[in-house]
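K.L.:
Residue-level listing of the chains:
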Amino acid sequence: MPRAFPKKPPSSINAVTLRYTERTPEVQSYLPEIFKGIGASMRHFFANTRDMIRGTRPDPVTERWADGVTTISYPEQKRPYPDRFRGLHRLTTREDGSPRCVACLCCSTACPAQCIYIEAGEYPEGDKRRGYERYPVKFVIDEIRCIFCGFCVEACPCDAIRMDTGVHAAPYDSRNQFIYTKDLLLGLAARDGSHKTANPRHEPGDPTHPGLTREHAHH
Amino acid sequence: MPSFKLDGKDVPFEPGETIIKAAHRQGTEVPHYCWHPGLSAPANCRMCLVEIKPGPNQRAMMLDIVEWDAKAGEYKPAQKPKLLPACQMPAVDGQEVLSESSKHVAEARAHVQEFLLLNHPVDCPICDQAGECKLQDYWLEYQTTGKRMRDEPIHKPKAVVFGPTIVYDAERCVMCTRCIRFMEEVAKDPVLELRERGNLNEVTVAPGRQLDGHYTFMTENVCPVGALTTKDFRFKARVWFLRSAKSICQGCATGCNSYLDYDPRSNKVFRYRPRDNEAVNKYWMCDEGMLSYHAAHEGRVIDARIGPKKVSVEMAIAEAGKRLSNGPKESIAVVLSAQHSLEDNLAMREIATLLGTAALYVSGAGDGYADDILINKDKNPNTTGVRQLAPHAMSFTRLLDDVRAGLVSHVLALGGISPTSDPEDATALSMLGTLVVVAAHKGALTDAAHVVLPATSWTEAAGTYVNKQGIRQIADKAIEPQGASRPAWEHARLVGRALGLEVNFAKLKDLRSMLVGASVPNGNDVTASASI
Numbered sequence: 385m386p387r388a389f390p391k392k393p394p395s396s397i398n399a400v401t402l403r404y405t406e407r408t409p410e411v412q413s414y415l416p417e418i419f420k421g422i423g424a425s426m427r428h429f430f431a432n433t434r435d436m437i438r439g440t441r442p443d444p445v446t447e448r449w450a451d452g453v454t455t456i457s458y459p460e461q462k463r464p465y466p467d468r469f470r471g472l473h474r475l476t477t478r479e480d481g482s483p484r485c486v487a488c489l490c491c492s493t494a495c496p497a498q499c500i501y502i503e504a505g506e507y508p509e510g511d512k513r514r515g516y517e518r519y520p521v522k523f524v525i526d527e528i529r530c531i532f533c534g535f536c537v538e539a540c541p542c543d544a545i546r547m548d549t550g551v552h553a554a555p556y557d558s559r560n561q562f563i564y565t566k567d568l569l570l571g572l573a574a575r576d577g578s579h580k581t582a583n584p585r586h587e588p589g590d591p592t593h594p595g596l597t598r599e600h601a602h603h
Numbered sequence: 013m014p015s016f017k018l019d020g021k022d023v024p025f026e027p028g029e030t031i032i033k034a035a036h037r038q039g040t041e042v043p044h045y046c047w048h049p050g051l052s053a054p055a056n057c058r059m060c061l062v063e064i065k066p067g068p069n070q071r072a073m074m075l076d077i078v079e080w081d082a083k084a085g086e087y088k089p090a091q092k093p094k095l096l097p098a099c100q101m102p103a104v105d106g107q108e109v110l111s112e113s114s115k116h117v118a119e120a121r122a123h124v125q126e127f128l129l130l131n132h133p134v135d136c137p138i139c140d141q142a143g144e145c146k147l148q149d150y151w152l153e154y155q156t157t158g159k160r161m162r163d164e165p166i167h168k169p170k171a172v173v174f175g176p177t178i179v180y181d182a183e184r185c186v187m188c189t190r191c192i193r194f195m196e197e198v199a200k201d202p203v204l205e206l207r208e209r210g211n212l213n214e215v216t217v218a219p220g221r222q223l224d225g226h227y228t229f230m231t232e233n234v235c236p237v238g239a240l241t242t243k244d245f246r247f248k249a250r251v252w253f254l255r256s257a258k259s260i261c262q263g264c265a266t267g268c269n270s271y272l273d274y275d276p277r278s279n280k281v282f283r284y285r286p287r288d289n290e291a292v293n294k295y296w297m298c299d300e301g302m303l304s305y306h307a308a309h310e311g312r313v314i315d316a317r318i319g320p321k322k323v324s325v326e327m328a329i330a331e332a333g334k335r336l337s338n339g340p341k342e343s344i345a346v347v348l349s350a351q352h353s354l355e356d357n358l359a360m361r362e363i364a365t366l367l368g369t370a371a372l373y374v375s376g377a378g379d380g381y382a383d384d385i386l387i388n389k390d391k392n393p394n395t396t397g398v399r400q401l402a403p404h405a406m407s408f409t410r411l412l413d414d415v416r417a418g419l420v421s422h423v424l425a426l427g428g429i430s431p432t433s434d435p436e437d438a439t440a441l442s443m444l445g446t447l448v449v450v451a452a453h454k455g456a457l458t459d460a461a462h463v464v465l466p467a468t469s470w471t472e473a474a475g476t477y478v479n480k481q482g483i484r485q486i487a488d489k490a491i492e493p494q495g496a497s498r499p500a501w502e503h504a505r506l507v508g509r510a511l512g513l514e515v516n517f518a519k520l521k522d523l524r525s526m527l528v529g530a531s532v533p534n535g536n537d538v539t540a541s542a543s544i
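As they're listed, the protein sequences go chains A and B. Each residue of the first sequence is one higher than the one before, counting from 385 in the numbering used here. Each residue of the second sequence is one higher than the one before, counting from 13 in the numbering used here.
Careful: at least some of the hints might be erroneous.
Said to hold, decoys possible - In silico negatives: residues of chain A with every beta carbon more than 10 Å from chain B: (1) G423; (2) L489; (3) E506.
Said to hold, decoys possible - Some chain A residues close to chain B (C-beta under 8 Å, calculated; not the full set): (4) C490; (5) T493; (6) P496; (7) A504; (8) E517; (9) R518; (10) V537.
As the list claims (entries may be wrong) - 30 Å max Cα-Cα, derived DSSO-like pairs, lysine-lysine: (11) B:K248 with A:K580; (12) A:K512 with B:K454; (13) B:K521 with B:K480; (14) B:K280 with A:K522; (15) A:K566 with B:K170; (16) A:K522 with B:K480; (17) B:K170 with A:K580; (18) B:K33 with B:K258; (19) B:K17 with B:K146; (20) B:K454 with B:K280; (21) B:K115 with A:K512; (22) B:K94 with A:K512; (23) B:K170 with A:K512; (24) A:K566 with B:K83; (25) B:K115 with B:K159; (26) A:K566 with B:K280; (27) B:K146 with B:K322; (28) B:K480 with A:K512; (29) B:K170 with A:K522; (30) A:K566 with B:K248.
Hints in this document: simulated from the structure, not taken from any laboratory. Even for Gly, the Cβ is constructed at its ideal location relative to N, Cα and C.
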């Protein structure tokens, strides 16, 4: 017999009375419910077998060859992801293959999951980029901690980090494998196979790029 | 005290004071780049322009200008008041000054801001000053528009190495000359100078010289923008990740007030910044002091040891108790340390009193370089405090003599650092039957110790220090204790317990209340004024 719980009578019109099943021996032993469940499974098994023999139900293996059926065999087959799907990160490169990242830590500041770790370094004296840019000595993303929100991409002032690889995080078998280091991130390509950015800008050495010294400037 | 009105609020001033200084002292900020409370006022940034209302029998100084009339579609003649720099105008009793409330001032500041940013590279993402930059702050507060100039900005040298500590970026510089004036007026070494004029202006080092000496870090500290950066902090951290704790520099007996900036995520200290205190260090710190934050992580004792073997703190304390209780009472000595806080030393002195031993000694770092600006030759932060706690404590040299004479055989010592590094000292220390050292830093004493207990450094626990002027100052806790370290007073309490003594303190609060008592003449607790 069902009984009311909690025992206190409902005080407002919005209150819901919870009802629990009485704990009788047949309920506690689970056996009637187990047989009911097995019964349901067997009913479907025999019905499906009968339909397949009669030919009134399609074979699930050959089903996907038919038109109008939406089942696909992942992972051999994949659905196209939308253009702006946020997949695994990649670091874009310059013409010379160096990372565009200037280690400003804007991405790791914006990251709500705190999964980006960067150590900044300075170009050596004599390098034309010294003073204008710094570079990431270490750039690590913990892809298991990442929530794929895309804030890092929004925050990046250099378009150095993108999530356009079209790959979602693979299920690895250890946590270490989710730690993506700088080289791995630089190695990932966009869906068109490019390592560059869609928004190129002037580089050190271009006439438009700041980097002229006092001697070279026309003033 | 005479007073003037700034935006309708009364600001008291001392005769001769400028408007900006009186306002700064009261806690009201007039925006500025070139003015600094500790330096002269060249009035070259024009950011602190204010409108001063004429006195009762004066006429306002008005300038004839033309103003664009949008309705009529032409320029119309108009007048506006002559604005004056608050950093150079002496305050006058009863004067009425408009700063935030004048539309002329607001307009002037927006335009000054636009001029200062005309050739600025706006490379905030790679600039260390980002997050604490006056250009960013005042842009948001007074400008909030883009610049109208469409030409390529003037380019100037970048990442110029000024010396062993400082790197200069001329493009970010607003030519406030604070660094130049600091070197000339405070460091008394006029090694920096401006060259060229107008938008080709840049700061240079005197020919044949480099920016060196004992006060180079302050040039970076007074820089309101990211033009000067220190090699030590360059690209190490973004300032918005750092938290600040009010601290006291441990470099010498001057006890400069400072902010200790640390990253709570990595539990690491990144830099010192001076904290204003007119009575101690004014606005400055020396290079050695600015770099002394490294001691929070370097040369530290963070594990308990018995001999060379690492053990748990509990085992080490039990061993220390066993070894010390074996010794005859009259040959036990307690060593205080001028490197540690008053609380730590007081706890050790209490243990000495409870042990019944009268033999108190003091250790600490030896003397070093001194000048008449800030640097004291005594390289300990708390010599005066220890002297006040134990006026009859004997010197470290005397301890070594007494050890050699066989008067002392068992020692409970605070602090690992000894004033001299004579190899014969180590021989004397090795003659001891027992040497238990509670220390935050490695030194001659920890090297010779039979039992080492790891103590927290000044960054990991709050402590009181008495500087050479006798001013009692508190350094707040910044980071969490590293390794197995605990406050030294806590170790003293546990060693006392292990010796079977009835220790009468259990918390820092107990020690603090004992300090306020008669044992120490009460110094002035000096609190910092508002930061610049």
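K.L.:
Does P496 (chain A) meet its interface restraint, that is, does its C-beta lie within less than 8 Å of any C-beta in chain B?
P.N.:
violated, 15 Å
K.L.:
If you draw a straight line from the CA of K17 (chain B) to the CA of K146 (chain B), is it 30 Å or shorter?
P.N.:
holds, 26 Å
K.L.:
Given the proposed pairing of K566 (chain A) with K280 (chain B), does the C-alpha separation stay at or below 30 Å?
P.N.:
holds, 24 Å
K.L.:
Does C490 (chain A) meet its interface restraint, that is, does its C-beta lie within less than 8 Å of any C-beta in chain B?
P.N.:
holds, 6 Å
K.L.:
Does K454 (chain B) lie within 30 Å of K512 (chain A) when you go C-alpha to C-alpha?
P.N.:
violated, 43 Å
K.L.:
Quick one: work out the minimum CB distance from G423 (chain A) to chain B and report holds if it exceeds 10 Å, violated otherwise.
P.N.:
holds, 57 Å
K.L.:
Keeping to a limit of 30 Å between CA atoms, is the pair of K170 (chain B) and K512 (chain A) held or broken?
P.N.:
holds, 10 Å
K.L.:
Is the straight-line distance between the alpha-carbon of K115 (chain B) and that of K512 (chain A) 30 Å or less?
P.N.:
At roughly 45 Å apart (the allowed maximum being 30 Å), K512 (chain A) and K115 (chain B) break the hint.
K.L.:
Holds or violated: are the alpha carbons of K115 (chain B) and K159 (chain B) at most 30 Å from each other?
P.N.:
holds, 20 Å
K.L.:
Hinted pair, alpha-carbon criterion (30 Å max): K566 (chain A), K83 (chain B). Please report holds or violated.
P.N.:
The hint is violated at about 59 Å.
K.L.:
Let me know if the C-beta of V537 (chain A) comes in closer than 8 Å to any C-beta of chain B, holds or violated.
P.N.:
For V537 (chain A), the interface hint is violated, since the closest Cβ of chain B sits about 15 Å away, which is over 8 Å.
K.L.:
Would the non-interface assignment of E506 (chain A) survive a Cβ cutoff of 10 Å against chain B?
P.N.:
Nearest chain B Cβ is 6 Å from E506 (chain A), so the label is violated.
Of the numbered hints stated above, those contradicted by the structure are hints 2, 3, 6, 10, 12, 16, 21, 22, 24, 27, 28, listed in ascending order.
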